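**Student:** The sequence shown: position 92 = 92 (the UniProt record's numbering), numbered continuously.
Be a bit skeptical, because a hint or two may be false.
Stated by the list, open to error - Below are the DSSO-like pairs computed for lysine-lysine, each with C-alpha atoms no more than 27 Å apart in a straight line:
hint, residue 1, residue 2
1, K129, K51
2, K79, K108
3, K97, K79
4, K97, K129
5, K77, K161
6, K108, K129
7, K77, K108
8, K79, K106
9, K79, K129
10, K51, K97
11, K77, K106
12, K77, K97
13, K51, K106
14, K118, K129
Quick caveat, the hints were computed from the structure, so don't treat them as lab data. Every value quoted in this text rests on a predicted model; they were computed, and no experiment measured them.
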Amino acid sequence: MKEIEHGFVMTGAEPNKNDGVENREAATGGLDVMLCFAIYGAAHAFTRAYKPLLEPLGLTYPQYLVMMALWAEDGQKVKALGDRLGLDSGTLSPLLKRLEQSGLVKRKRDAEDERQVKITLTPQGVELKERSAGVMEAIGEATGCSLEEVGMLRAALVGLKDRLEGAEER
Numbered sequence: 001m002k003e004i005e006h007g008f009v010m011t012g013a014e015p016n017k018n019d020g021v022e023n024r025e026a027a028t029g030g031l032d033v034m035l036c037f038a039i040y041g042a043a044h045a046f047t048r049a050y051k052p053l054l055e056p057l058g059l060t061y062p063q064y065l066v067m068m069a070l071w072a073e074d075g076q077k078v079k080a081l082g083d084r085l086g087l088d089s090g091t092l093s094p095l096l097k098r099l100e101q102s103g104l105v106k107r108k109r110d111a112e113d114e115r116q117v118k119i120t121l122t123p124q125g126v127e128l129k130e131r132s133a134g135v136m137e138a139i140g141e142a143t144g145c146s147l148e149e150v151g152m153l154r155a156a157l158v159g160l161k162d163r164l165e166g167a168e169e170r
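Could you put together the complete structure from these sequences and hints?
**Tutor:** Right under this line is the structure:
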């Protein structure tokens with residue numbers, strides 16, 4: 001019999017690492033009962049929902065997140081932007097390069113510390129914010145969630161992320 005404890009499905013049986021995949025899935029309840037798999041699936045569904053909304057703007061979902069961060073605070077250094085988005089420089093740099101090639105941002109060495117690179121929006125990047133105004137509303141409608149539900153889901157996911165990051169530090 002399965003017990004639900006802290007949002008995870010517990011079967012009471014421990015998978016044997018020497019058994020086949022089928023035995024491990026039977027002992028753990030399989031992918032469908034795993035919280036991480038549900039979050040993974042929801043993340044992919046969000047990315048698919050954003051795609052047709054962002055294509056007319058010439059953006060991918062990761063590029064849109066970079067632009068959202070810059071619309072909130074222009075002139076960020078690459079390190080601060082990466083920290084804000086949870087991206088390392090190996091992931092962020094190609095995104096910034098493509099955004100610069102598209103004429104949406106400029107990368108410039110910081111005059112005070114030439115080791116640092118500042119990212120600023122171009123006039124086209126600023127204008128794109130207005131053109132993207134309907135994206136969040138359309139995604140909100142696609143979820144079918146009320147504002148209250150969105151707030152509760154967001155709070156639960158942020159809390160989960162914070163606890164997991166805290167566990168990494170221990």
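**Student:** Confirm or reject each hint.
**Tutor:** These are the hints, each one checked on the structure:
The suggested pairing of K129 with K51 holds, with an alpha-carbon distance near 17 Å, which does not exceed 27 Å. Taken as a hint, the K79 and K108 pair is honoured in the structure, with Cα atoms around 13 Å apart against an allowance of 27 Å. Distance hint between K97 and K79 is fulfilled; the C-alpha atoms sit about 15 Å from each other, no more than 27 Å. In summary, the hint linking K97 to K129 is supported, as the alpha carbons are separated by about 19 Å, within the 27 Å threshold.
For the proposed pair K77 and K161, the alpha carbon gap of about 24 Å is at most 27 Å, so the pair holds. Only pairs whose Cα atoms come within 27 Å are accepted, and K108 paired with K129 is accepted, the gap being roughly 21 Å. Our distance criterion of 27 Å between C-alpha atoms is met by K77 and K108, whose separation comes to about 9 Å. Restraint check for K79 and K106: the C-alpha separation of about 15 Å stays at or below 27 Å, so the hint holds.
Our distance criterion of 27 Å between C-alpha atoms is met by K79 and K129, whose separation comes to about 23 Å. Pair hint K51 plus K97 holds up; C-alpha atoms about 20 Å apart against a cutoff of 27 Å. Among the hinted pairs, K77 with K106 is consistent with the structure: their alpha-carbon atoms are about 11 Å apart, no more than 27 Å. For the hint linking K77 to K97, the alpha-carbon distance of about 14 Å falls within 27 Å, and the restraint holds.
Between K51 and K106, the direct Cα distance comes to roughly 24 Å. Compliance with the 27 Å bound is thereby established for this hinted pair. Taking the CA atoms of K118 and K129, the gap is near 20 Å; set against the 27 Å cutoff, the hint holds.
Violated hints: none; the structure is consistent with every hint.
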